[in-house]
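Going line by line, the protein sequences match chains B and G. The numbers in our numbering rise by one with no breaks, and the one at position 233 of the first sequence is 233. The numbers in our numbering rise by one with no breaks, and the one at position 12 of the second sequence is 12.
Incorrect hints may appear among the rest.
Here are some of the chain G residues that sit facing chain B, going by a computed Cβ distance under 7 Å [as the list claims (entries may be wrong)]:
#1 169
#2 207
#3 236
#4 262
Keep in mind the hints are simulated off the structure, nothing from the lab. Heads up, the beta-carbon is just placed ideally off N, CA and C, and yes, glycines get one too.
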Amino acid sequence: MTFALFLQYLVAGVTYGAIYAIVAIGFGIVYNATGIINFAQGEFVMLGGMFAVTLQAYVPLPVAVLLAVLIVMGVGALVEILFIRWLDRPTVLRMIVITIGLSIGMRELALLVWGEGVRSLPYFTGDAVTALSVGDVHVSPQVLWVLGTVGVIVAFLLFFFGQTRLGRQMRACAANRDAARLCGIDARGMVTLSFVLAAGIGALAGCVVSPITYVQYDSGTNLAIKGFTVAVLGGLGNSAAALGGGLILGVIESLSILVLPAAYKDVVAIAILLAILVFRPAGIFGNAATARLQEHA
Amino acid sequence: MNRLPKWIVLLGALFFAGSAAAKETIKVGAILSVTGPAANLGGPEARTLQMLVDEANKKGGLSGHPIELLLKDSGGSPEKAISFAKKLIEEDKVFAIIGPSTSGETLKIKGIAEEGKTLLLSCAAAESIVKPVGKWVFKTPQNDSHAARKILEHIKKAGLTKIGLVSSNTGFGKAGKEQVEKLAKELGLEIVANEDYDKEATDLTAVATKLKAAGVQAFINWSIEPAQAIVLKNARQIGLDVPIYQSHGFGNIQYVKAAGPAAEGVIFPAGRLIVAESLPASHPQKSVLMKYKKDYEAQTKEDVSTFGGHAYDAFLMLGKVIEKAGVDREKAREALEGVQGLVGTAGIFNFSAQDHNGLQADAFEMLTVKQGKFVVLQEGAAKKDAPAKKK
């Protein structure tokens, strides 16, 4: 195998990784504020893509993306207010069942509204055959759009959770909701906000990846499975770690095709997930001590 | 008779006319993958059937029998197909089942239909559905071996010898892969790269890279999922500028729209439905194809695809056997084996006891994509039809 080919596999891996990472980040936000996994995150991604594709027929692409993100943020708020807010100290199991139910519900609604067809946004730059080439290595500009978007989101979240008052309040709610409330934090508002943020980021992810992966009423589920794997792999709640985890998984999957049939790609991903859960439950980049703290909270 | 008053004769005539209109209702089951990864097959199939059943019932049914359609959505899952097949046969006691949409599902319920002595008119392509022949099992799409032969002979004619083969890990993908492997050997073509991918794959750059690394002169993709559009984009993006062939699963214009410029020049075998307009008026299928196309597009506001056509043909067969043999199952089955020259959307069907598909390789036409549209491939123009790469 030539070096150029090896690089081409790496680029393929980065493509997968970027897609997984951008989906994974949404999981982290809700987890950060509530300590639960929102299994409907994939549907936010799908809805973002669907709304943008629909709107794009009437308005220019950037406006369509922006509107789609805002609409899905609204959906996120609605979901939290209607289904999550009134629960008093829900157990983890109950939350899982509720979010899975929501995910199925949204998927069926999307099927009713949009039908079963495959849609996609146009490539943001160039078209389906455009590629940037360095020597014999080629990459679609859309991959760079995805990477760039992940980068901006990660930077924003690091700043938001680390530096802003609102972000720290959200983290406080996750660590100990009662204590946070005693300190005067609007805990309920924080949870709503986390759903709005996660929905918005999911929708943005859905728009950016749709030219590559297409969007279909049920495409959210698949993306969510990979996204969840990556979120756990990197360490839940840490968006930079999600990016790292995504890239690692993507590259491993891409290189695995050298020795295994491509259909076994998911086997590789799940095997890694299991290994991480057994040996490093806090994730590759996670801190075991903080993870335990969070679990006890 | 002369002594009977006229009004009694009239009453009698009315009575018989009335009873003719009220023949017993025929229950027809349909197991289609309306949702799930094969929704692009099952969706158009379900809409076609619903349209045909409504139309038939408005006209008083098939040969006077009103039709009750029991439509089940399997979501492409063989497990669901099995339980629906059992329910339709054992509880609903349907006269016939149309579907399933996919080969994997059909193969799983073939035995159930045989045991239940219920006609199964499958809309799926794999040849193993009718080979070995099951007494009660028929299928409407063209054979995948005919598709594989059309493709490989075309490659051979173009003077290419080193080919790549990629397929999805579904019943359709696996069956096609087997056919291509077998025929390639027969025709002296060498498969230098042979890859399976997951049916829900979202990006196939690594697979395309492997094809490129193997130095293929052309490659064939065999699948029905969105992946068949994804593989086109990824191959062109990494600069793999060889002729690309697809299976007859590509006959849905949605995938061409999804792949955009990457779909230009793709060559694939398909029934004539999707190029109906460009057929000469003298073609025996022309009127059937145009009628279905117009009706379907007026009703659903979406482009016709070969898959809906498979359901159309199944319903056509059903109408034919009821016309010939009524509602007796065994007689209907025998009658279907004797149907000759039935003009459908997939081709002209000639059934026999050994051939439960009834189509020959000439049911396929080699098509290509030009400016986002399906057109009949002009021989000779095929060889270097790969689009010029834009930088």
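Tested hints:
no. : hint : in the structure
1   : 169  : 4 Å, holds
2   : 207  : 5 Å, holds
3   : 236  : 4 Å, holds
4   : 262  : 4 Å, holds
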